[in-house]
Amino acid sequence: MTASTSVSDVINPSLQAKESRKHDYEQVEDNSDELNIMVEKSSASEDQEVALITPHTQRKTTVHKNLSNRKWFVLTSFSLLSFSNAVLWITFGPCLYIFMEHYQQTPSTINALATVFMIIYPILLVPVLNIYDKWGLRQGILVGAFLNAFGTFLRFMGSFGPSGFWLLFLGQTISAIAGVFILGVPPKLANTWFEFGEQNLATGIGVTANNAGIAVGFLLSPWFIKQATAKDDIPKYLLIQFATTTLSTIYAFCTDKVFMLLATSYGLTVGASFAVSTLLAQIVVPVFRVYDESQIGFLGFLNVVAGMVGSVLIGIYLDRTFAYKRSCRTLYMITFLSLFAFIIALKIKSMPLLTVSCMFFGISSFAITPALFQYVPVITSSRLGEDEITSTGILNSVVQICGILLVVLMDATENVDQQFTMELSCWLLLAIVFIGIILIWLVKED
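Position 187, counted from 1, in the sequence shown is what full-length UniProt numbering calls 187; the numbers after and before it change by one each time, with no gaps.
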């Protein structure tokens with residue numbers, strides 16, 4: 001097809017013209033600069049041109065932008081994992097004689113802590129490749145990351161003298177198994193995430209990270225461990241290795257904007273629920289002086305049972321609709337409104353309204369937990385290689401910390417000179433829950 005093709009030929013093309021146009025489209029995909037040529041070649045009207053060209057180019061631009069934003073983060077996360085595993089391998093070599101004395105072992109036994117990596121790799125290579133074939137790249141790396149962290153934990157537990165040597169050796173062996181999941185990943189990761197023309201660079205970075213770990217490992221062991229203080233230095237150094245391998249996973253989440261918005265909103269809102277449960281008697285009893293602790297206990301019981309029902313119902317609803325964003329936003333709003341009704345009930349001293357609002361507060365605030373636990377992996381898994389257990393653990397930690405801080409805040413702002421002693425505390429809590437709503441609204445899905 002040429003630029004002089006008539007309008008009638010475009011509208012009623014022959015088979016040859018169709019094949020020619022198909023070739024033209026393929027040419028444009030390879031070279032976006034030829035887009036204008038494509039417009040000249042194809043169409044009877046301006047609308048048809050847009051219909052032919054715009055959807056494809058928009059899709060291509062969006063996908064390219066998303067990959068561009070994520071691929072370097074994925075490569076960096078993996079490189080840190082590979083780096084840490086290499087440090088574990090070379091830990092004992094530079095300080096051979098110090099470790100011999102600390103564990104009362106021979107040189108060959110201490111050297112075995114390094115050679116176990118070389119022994120394990122060829123033995124487990126085929127099974128690990130099968131795992132990657134069956135589970136995929138992401139799950140394979142996750143297994144390696146878990147084994148790496150667990151191995152460093154056992155190494156630390158075995159760092160306190162001769163009696164712990166074999167526990168240390170077990171931890172080192174597990175770290176060696178992790179290495180089998182790590183060493184061969186760079187080319188696969190590069191081919192999965194990077195475009196042609198970037199794959200060799202990405203592979204080189206992934207491999208270099210492991211080599212850098214070896215180099216740094218040679219420096220760190222002599223720097224941290226001294227002959228005179230080896231008894232204290234060795235446990236400290238192995239603890240640092242455990243902390244860094246574990247915290248690198250947490251750091252990956254904490255540097256993700258979307259995850260931090262979700263975690264903070266969850267911590268503030270569900271932390272408010274924890275604060276209300278903890279201080280329920282302190283909030284209610286001064287207002288309703290005729291009620292005793294048993295009635296407060298029943299009110300708390302209704303709150304929790306309603307929350308249990310809400311958690312089950314939201315699970316059923318999400319299994320049918322997968323409407324995570326809408327569900328989370330709705331639950332946050334209900335939590336805010338029910339807490340507002342809870343405060344009004346205390347102001348007007350209405351026990352029926354207090355009971356109903358407390359139940360709705362339980363339904364919504366408890367249901368946020370299972371909804372968000374499933375929502376987080378859905379919108380972060382494309383950027384973060386970590387699994388649901390890690391994200392759930394971080395979310396639970398955030399909500400515990402927020403709960404503690406909110407309890408302290410409410411207790412500190414109590415005014416014992418008025419009947420509703422926790423009025424200011426409750427209004428502050430309502431404002432904090434509103435901040436949680438704002439944060440959940442700021443979350444943007446890919």
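Hints in this document: simulated from the structure, not taken from any laboratory. None of the values given here were measured: they were computed from a predicted structure. We put the CB at the ideal spot given by N, CA and C, even for glycine. Any given hint might turn out to be false.
Result set (PhoX-like, lysine-lysine): computed pairs, CA atoms no more than 20 Å apart in a straight line [said to hold, decoys possible]:
(1) Lys325 <-> Lys257
(2) Lys257 <-> Lys134
(3) Lys236 <-> Lys226
(4) Lys71 <-> Lys325
(5) Lys188 <-> Lys71
(6) Lys226 <-> Lys325
(7) Lys257 <-> Lys71
(8) Lys188 <-> Lys257
Between beta-carbon pairs, the in silico distance windows are [what the hints assert, rightly or not]:
(9) Leu247 <-> Gly297: 38 to 44 Å
(10) Phe218 <-> Ser108: 48 to 54 Å
(11) Thr115 <-> Gly184: 34 to 40 Å
(12) Thr392 <-> Leu124: 25 to 31 Å
(13) Leu219 <-> Ser108: 54 to 60 Å
(14) Lys257 <-> Ala212: 26 to 32 Å
For each hint, the structure was consulted:
no.	hint	result
1	Lys325 <-> Lys257	16 Å, holds
2	Lys257 <-> Lys134	32 Å, violated
3	Lys236 <-> Lys226	12 Å, holds
4	Lys71 <-> Lys325	25 Å, violated
5	Lys188 <-> Lys71	13 Å, holds
6	Lys226 <-> Lys325	54 Å, violated
7	Lys257 <-> Lys71	16 Å, holds
8	Lys188 <-> Lys257	27 Å, violated
9	Leu247 <-> Gly297: 38 to 44 Å	40 Å, holds
10	Phe218 <-> Ser108: 48 to 54 Å	20 Å, violated
11	Thr115 <-> Gly184: 34 to 40 Å	20 Å, violated
12	Thr392 <-> Leu124: 25 to 31 Å	29 Å, holds
13	Leu219 <-> Ser108: 54 to 60 Å	25 Å, violated
14	Lys257 <-> Ala212: 26 to 32 Å	28 Å, holds
The structure fails to meet hints 2, 4, 6, 8, 10, 11, 13 from the earlier list, while all remaining hints are met.
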